[in-house]
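> Residues per chain are reported as follows:
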Amino acid sequence: MLSYILRRIASTLPVMAIVALFVFSLLYIAPGDPAVVIAGDQASPEDVERIRQSLGLDRPFLIQFGSWVWRILHGDLGTSIFTNLPVSTMIGQRLGPTLSLMMVTLLLTIVVAVPLGVLAAWKAGSLIDRAIMAFAVFGFSLPVFVVGYVLAYVFALELEWLPVQGYTPLAQGFWPWLQNLILPAIALGCVYIALIARITRATMLEVLQQDYIRTARAKGLGQGGILFVHALKNAAVPIVTVIGIGIALLIGGAVVTESVFAIPGLGRLTIDAILRRDYPVIQGIVLLFSFVYVLVNLMIDVTYTLVDPRIRY
Amino acid sequence: MDRRTVLKGLAGAGGLALSGISAPAIAQGASARTLRFVPQANLANFDPIWGTQYVVRNAAALVWDTLYGVDSSLQPQRQMVESEEVTDDGTTWTFKLRTGLKFHDGEPVLSKDVVASLTRWAARDPMGLMLKALQQELTAVDDRTFKWVLKQPFPKMLYALGKNNSPCAFIMPERIAQTDPFKQIGDYVGSGPMKFAKGEWVPGAKAVFEKFADYVPRQEKSSWLAGGKQMLLDRVEWIVMPDPATAAAALQNGEIDWWENPIADLVPVLKKNKNISVDIGDPLGNVGSFRMNFLYPPFNDVRARRAVLMAMSQEDYMRALVGDDTSLWKPLPGFFTPDTPLYTEAGGEVLKGKRDLDAAKKLLAESGYSGQPVTCLVAQDQPITKAFGDVTADLLKKLGMNVDFVATDWGTVGSRRAQKTPPGQGGWNMFHTWHAGSDCINPAPYTAIRANGDKAWFGWPNSPGTEKEVTSWFEAKNLDEEKAAVARLNKVALEDVVYAPTGFFLSYTAWRKNVSGITKGPLPFFWGVSKSA
Numbered sequence: 142m143l144s145y146i147l148r149r150i151a152s153t154l155p156v157m158a159i160v161a162l163f164v165f166s167l168l169y170i171a172p173g174d175p176a177v178v179i180a181g182d183q184a185s186p187e188d189v190e191r192i193r194q195s196l197g198l199d200r201p202f203l204i205q206f207g208s209w210v211w212r213i214l215h216g217d218l219g220t221s222i223f224t225n226l227p228v229s230t231m232i233g234q235r236l237g238p239t240l241s242l243m244m245v246t247l248l249l250t251i252v253v254a255v256p257l258g259v260l261a262a263w264k265a266g267s268l269i270d271r272a273i274m275a276f277a278v279f280g281f282s283l284p285v286f287v288v289g290y291v292l293a294y295v296f297a298l299e300l301e302w303l304p305v306q307g308y309t310p311l312a313q314g315f316w317p318w319l320q321n322l323i324l325p326a327i328a329l330g331c332v333y334i335a336l337i338a339r340i341t342r343a344t345m346l347e348v349l350q351q352d353y354i355r356t357a358r359a360k361g362l363g364q365g366g367i368l369f370v371h372a373l374k375n376a377a378v379p380i381v382t383v384i385g386i387g388i389a390l391l392i393g394g395a396v397v398t399e400s401v402f403a404i405p406g407l408g409r410l411t412i413d414a415i416l417r418r419d420y421p422v423i424q425g426i427v428l429l430f431s432f433v434y435v436l437v438n439l440m441i442d443v444t445y446t447l448v449d450p451r452i453r454y
Numbered sequence: 018m019d020r021r022t023v024l025k026g027l028a029g030a031g032g033l034a035l036s037g038i039s040a041p042a043i044a045q046g047a048s049a050r051t052l053r054f055v056p057q058a059n060l061a062n063f064d065p066i067w068g069t070q071y072v073v074r075n076a077a078a079l080v081w082d083t084l085y086g087v088d089s090s091l092q093p094q095r096q097m098v099e100s101e102e103v104t105d106d107g108t109t110w111t112f113k114l115r116t117g118l119k120f121h122d123g124e125p126v127l128s129k130d131v132v133a134s135l136t137r138w139a140a141r142d143p144m145g146l147m148l149k150a151l152q153q154e155l156t157a158v159d160d161r162t163f164k165w166v167l168k169q170p171f172p173k174m175l176y177a178l179g180k181n182n183s184p185c186a187f188i189m190p191e192r193i194a195q196t197d198p199f200k201q202i203g204d205y206v207g208s209g210p211m212k213f214a215k216g217e218w219v220p221g222a223k224a225v226f227e228k229f230a231d232y233v234p235r236q237e238k239s240s241w242l243a244g245g246k247q248m249l250l251d252r253v254e255w256i257v258m259p260d261p262a263t264a265a266a267a268l269q270n271g272e273i274d275w276w277e278n279p280i281a282d283l284v285p286v287l288k289k290n291k292n293i294s295v296d297i298g299d300p301l302g303n304v305g306s307f308r309m310n311f312l313y314p315p316f317n318d319v320r321a322r323r324a325v326l327m328a329m330s331q332e333d334y335m336r337a338l339v340g341d342d343t344s345l346w347k348p349l350p351g352f353f354t355p356d357t358p359l360y361t362e363a364g365g366e367v368l369k370g371k372r373d374l375d376a377a378k379k380l381l382a383e384s385g386y387s388g389q390p391v392t393c394l395v396a397q398d399q400p401i402t403k404a405f406g407d408v409t410a411d412l413l414k415k416l417g418m419n420v421d422f423v424a425t426d427w428g429t430v431g432s433r434r435a436q437k438t439p440p441g442q443g444g445w446n447m448f449h450t451w452h453a454g455s456d457c458i459n460p461a462p463y464t465a466i467r468a469n470g471d472k473a474w475f476g477w478p479n480s481p482g483t484e485k486e487v488t489s490w491f492e493a494k495n496l497d498e499e500k501a502a503v504a505r506l507n508k509v510a511l512e513d514v515v516y517a518p519t520g521f522f523l524s525y526t527a528w529r530k531n532v533s534g535i536t537k538g539p540l541p542f543f544w545g546v547s548k549s550a
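Taken in sequence, the protein lines are chains Y and F.
So in the numbering used here, the last one in the first sequence is 454, and the numbering has no gaps at all.
So in the numbering used here, the last one in the second sequence is 550, and the numbering has no gaps at all.
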């Protein structure tokens with residue numbers, strides 16, 4: 142198992158290298174120029190050129206790419222063109238809010254979606270099943286920002302139960318931390334809950350047709366035991382897979398959610414960096430996201446062994 | 018590895034993620050001495066000489082003081098300077114600093130700091146560059162006195178040192194000001210009424226300013242960048258909110274105290290709230306514009322440019338931008354900011370009255386236009402340029418032009434407009450932008466009105482008559498001469514269509530009613546602002 146994990150981690154290196162080359166090339170050929178943004182609207186073309194030179198943006202592609210790779214290999218993600226701060230510092234500042242948002246969303250999703258999916262499968266064809274599936278379609282169809290605005294209007298402006306925006310670190314208390322994350326997590330989790338609920342239902346329906354479920358019923362096992370101990374455990378592999386794939390959805394959704402709720406996370410940092418053409422920051426974040434995604438997939442593979450003892454590496 | 022080991026590992030990783038990361042405190046309890054402010058844009062860098070965006074200037078005005086400050090009557094007044102003398106021939110200026118001036122590190126402000134700061138500023142600012150070209154020497158005479166010797170008189174000296182257009186002549190410690198003007202500073206020791214809390218800065222999210230106890234304000238009443246900058250707040254937090262709807266909700270909910278620039282669509286909602294005040298933010302407003310490329314057909318022919326001017330309706334542009342709120346805009350038959358001393362409508366008839374589309378078509382045909390594509394760059398991520406671009410596309414089509422509408426983002430427009438290649442090879446024929454009204458009060462900071470060909474702003478207008486009148490204004494000895502020069506300038510610039518003004522527009526600012534002392538101006542002024550619990 143350990144050697145498998147190490148092999149998988151090692152296999153991320155070529156993936157990261159390809160991602161790095163791809164991102165760097167894409168940014169190089171993309172229109173836009175950070176020097177223009179820095180210089181401001183009134184700057185002369187000569188000023189823009191001097192700034193470009195001072196940033197090293199006038200150097201050939203291969204030299205720029207080579208020096209960037211060299212720095213990465215030394216653990217240096219570079220310095221933001223605009224803020225003059227190390228990219229690692231900027232990512233560090235933003236990691237907490239994004240990680241918190243994703244964890245709360247993930248937790249909320251699993252707690253809500255899996256039972257809903259199980260319930261829908263158990264009551265397949267009933268009114269409950271149809272209501273849950275209608276909710277799933279609704280959740281899947283609504284854009285994150287619309288859900289966000291509605292939640293903020295109802296729970297922050299009208300009821301005044303929760304804040305509209307912002308983020309408080311966990312170090313300042315559990316409730317202050319959580320109250321800033323409840324609405325964003327619901328908004329971000331809607332799509333995810335819908336997806337997982339549907340997958341859970343479909344997988345459970347298949348499992349509930351199996352012979353061993355009929356045997357369990359025949360020997361007098363309670364409904365809860367059948368659903369959550371015998372059926373759900375065997376349906377878990379595809380559910381866990383979709384949860385893993387959904388991490389990518391969360392990363393994408395976090396960009397919008399963080400903007401709507403003014404959460405200073407990595408999603409907003411990404412958008413800001415793209416709009417300003419802050420190349421080192423974009424490259425650093427994309428590398429981080431791709432690494433996280435590869436790591437999540439590895440964790441999913443490891444999780445298979447927990448839910449299905451037949452799987453061994 | 019078994020199931021328990023993996024679960025323990027996962028739990029440990031989760032715990033680490035939750036407990037070990039310190040992140041900024043964005044939502045904090047408000048106190049009466051802390052003002053939470055939503056700025057117009059993200060403070061992405063903090064060097065007001067290197068980065069000339071307005072948001073940087075606005076923040077810098079809190080942290081760095083200036084030798085002079087322009088007041089609400091647009092006159093430069095002494096700020097860090099106690100007195101100045103100029104020789105009869107107007108070539109030697111001697112300035113003396115006030116006593117008691119200190120930097121945020123406790124060091125006194127000395128002449129050597131001023132000399133270094135002015136040298137760095139003069140390398141980037143258009144007026145500074147003019148001074149640099151005339152400069153014989155800029156030297157510190159003693160700790161409080163410095164001298165600027167010029168080859169010829171420069172009557173606008175005090176205005177240059179006190180203007181609020183970016184970059185302002187902010188005074189920094191010598192060691193910081195010696196940084197290459199094309200490289201960013203990383204040390205933010207200032208001379209102004211507030212200190213920059215670098216440790217709390219999260220670019221894109223938050224910037225914090227704390228009261229500088231040793232700042233010595235002038236005794237006069239404050240007026241814009243002039244007078245006594247009395248800080249009644251201990252702390253000002255700038256909270257960046259990219260989503261206007263969120264900012265509106267946060268203001269209504271009391272999570273923020275002041276929103277610099279609410280969008281017009283949300284103003285009616287804010288006006289209905291009894292806890293919120295809404296008013297025009299900057300009386301100098303903005304001048305909308307689109308620029309035509311003088312280098313390539315069809316707009317290398319003045320008749321084509323005039324045809325567009327004859328056909329365009331400023332009302333269409335303004336209504337597309339601000340809707341039906343007529344208090345937010347006015348027509349602008351010229352280039353200079355309305356209600357300022359040099360405002361003129363000389364030569365503005367072409368932009369007034371009923372639009373004559375047939376005459377414009379005829380003139381366009383005379384220019385030799387034969388249906389070639391007109392590449393029109395329109396940044397879709399800026400509400401102003403998006404609105405202007407849509408109106409222009411319609412206008413050009415009505416004129417019978419073949420519009421190549423390039424819908425893109427502001428970053429791309431910013432780099433593509435600098436291209437001098439033909440439109441079909443990465444260049445362009447037309448792009449949209451706007452200018453702060455404070456940049457259009459006279460020709461000094463007004464880069465967009467310059468028409469010196471290759472050295473001019475994007476579009477590279479070539480109008481010797483315009484340049485002649487810019488020089489006349491610089492040489493004017495009194496306000497009457499200045500007015501006469503600007504009237505001639507306005508006329509010739511419209512005749513040559515240096516650019517097309519789309520109208521003058523204003524925007525609102527909004528704040529909670531427990532905040533007082535907010536004044537109208539070209540930037541948000543925090544001195545004199547207070548907040549009750």
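Just so you know, these hints were derived from the structure itself, not from any lab.
In this text, a Cβ means the ideal position worked out from N, Cα and C, and glycines have one as well.
Please note that the accuracy of each hint is not assured.
List of simulated lysine to aspartate or glutamate pairs, EDC-like, C-alpha gap at most 16 Å [to be verified]: (1) 164/F / 204/F; (2) 437/F / 190/Y; (3) 437/F / 362/F; (4) 289/F / 347/Y; (5) 168/F / 383/F; (6) 472/F / 190/Y; (7) 119/F / 106/F; (8) 415/F / 375/F; (9) 200/F / 299/Y; (10) 472/F / 187/Y; (11) 508/F / 362/F; (12) 437/F / 187/Y; (13) 414/F / 375/F; (14) 200/F / 270/Y.
Here are the computed distance ranges between Cβ atoms for each label pair [what the hints assert, rightly or not]: (15) 298/Y / 214/F: 28 to 34 Å; (16) 443/F / 453/Y: 37 to 43 Å; (17) 215/F / 171/Y: 49 to 55 Å; (18) 298/Y / 233/F: 22 to 28 Å; (19) 497/F / 284/Y: 48 to 54 Å; (20) 284/Y / 332/F: 33 to 39 Å; (21) 217/Y / 332/F: 34 to 40 Å; (22) 289/F / 275/Y: 32 to 38 Å; (23) 200/Y / 111/F: 53 to 59 Å.
Sample of chain Y residues lacking proximity to chain F, with all beta carbon distances greater than 12 Å (derived) [claimed, not checked]: (24) 266; (25) 378; (26) 401.
> Determine for every hint whether it applies to the structure shown.
Taking the hints in turn, this is what the structure says about them:
Pair hint residue 164/F plus residue 204/F does not hold up; C-alpha atoms about 27 Å apart against a cutoff of 16 Å. A C-alpha spacing of about 14 Å is found between residue 437/F and residue 190/Y, which places the hinted pair at or below 16 Å, so the restraint holds. Taking the CA atoms of residue 437/F and residue 362/F, the gap is near 32 Å; set against the 16 Å cutoff, the hint is violated. Distance hint between residue 289/F and residue 347/Y is unfulfilled; the C-alpha atoms sit about 56 Å from each other, more than 16 Å.
Restraint check: the Cα-Cα separation between residue 168/F and residue 383/F comes to about 48 Å, which exceeds 16 Å; the hinted pair is violated. Note on residue 472/F and residue 190/Y: the hinted pairing holds, with a Cα-Cα distance of about 14 Å set against a maximum of 16 Å. About 34 Å separates the Cα atoms of residue 119/F and residue 106/F, which puts this hinted pair outside 16 Å; it is violated. The suggested pairing of residue 415/F with residue 375/F holds, with an alpha-carbon distance near 10 Å, which does not exceed 16 Å.
In summary, the hint linking residue 200/F to residue 299/Y is not supported, as the alpha carbons are separated by about 49 Å, beyond the 16 Å threshold. Simply put, residue 472/F and residue 187/Y have alpha-carbon atoms about 9 Å apart, close enough for the 16 Å limit, and the pair holds. A threshold of 16 Å between alpha carbons decides the hint, and for residue 508/F with residue 362/F the separation of about 8 Å falls inside it, so the pair holds. A distance of roughly 13 Å separates the Cα atoms of residue 437/F and residue 187/Y; the hinted pair therefore holds under the 16 Å criterion.
The suggested pairing of residue 414/F with residue 375/F holds, with an alpha-carbon distance near 13 Å, which does not exceed 16 Å. For the hint pairing residue 200/F with residue 270/Y, the CA-to-CA distance comes to about 63 Å; that exceeds 16 Å, so the pair is violated. The hint said 28 to 34 Å for the Cβ distance between residue 298/Y and residue 214/F, and at roughly 30 Å that hint holds. One distance hint, 37 to 43 Å for the beta-carbon pair residue 443/F and residue 453/Y, is violated here, with the actual separation near 58 Å.
Judged by the Cβ atoms, the range 49 to 55 Å given for residue 215/F and residue 171/Y is violated: they are separated by roughly 32 Å. The beta-carbon spacing between residue 298/Y and residue 233/F, approximately 44 Å, falls outside the hinted interval of 22 to 28 Å. A beta carbon spacing of about 60 Å between residue 497/F and residue 284/Y contradicts the range 48 to 54 Å that was offered as a hint. At about 35 Å, the beta-carbon gap between residue 284/Y and residue 332/F stays in the expected band of 33 to 39 Å.
Residue 217/Y and residue 332/F have their C-beta atoms about 55 Å apart, which leaves the hinted 34 to 40 Å range violated. At roughly 36 Å, the beta-carbon separation of residue 289/F and residue 275/Y lies within the given 32 to 38 Å, and the hint holds. As the Cβ distance of residue 200/Y to residue 111/F is approximately 46 Å, the hint placing it in 53 to 59 Å is violated. Remark: the non-interface label on residue 266/Y is consistent with the geometry, its nearest Cβ contact in chain F lying 36 Å away (cut-off 12 Å).
Distance check for residue 378/Y against chain F: the nearest CB is about 15 Å away, which clears 12 Å, and the non-interface claim stands. Not every CB of chain F is more than 12 Å from the CB of residue 401/Y (nearest about 5 Å), against its label as outside the interface.
Comparing the model with each earlier hint shows violations of hints 1, 3, 4, 5, 7, 9, 14, 16, 17, 18, 19, 21, 23 and 26; every other hint is respected.
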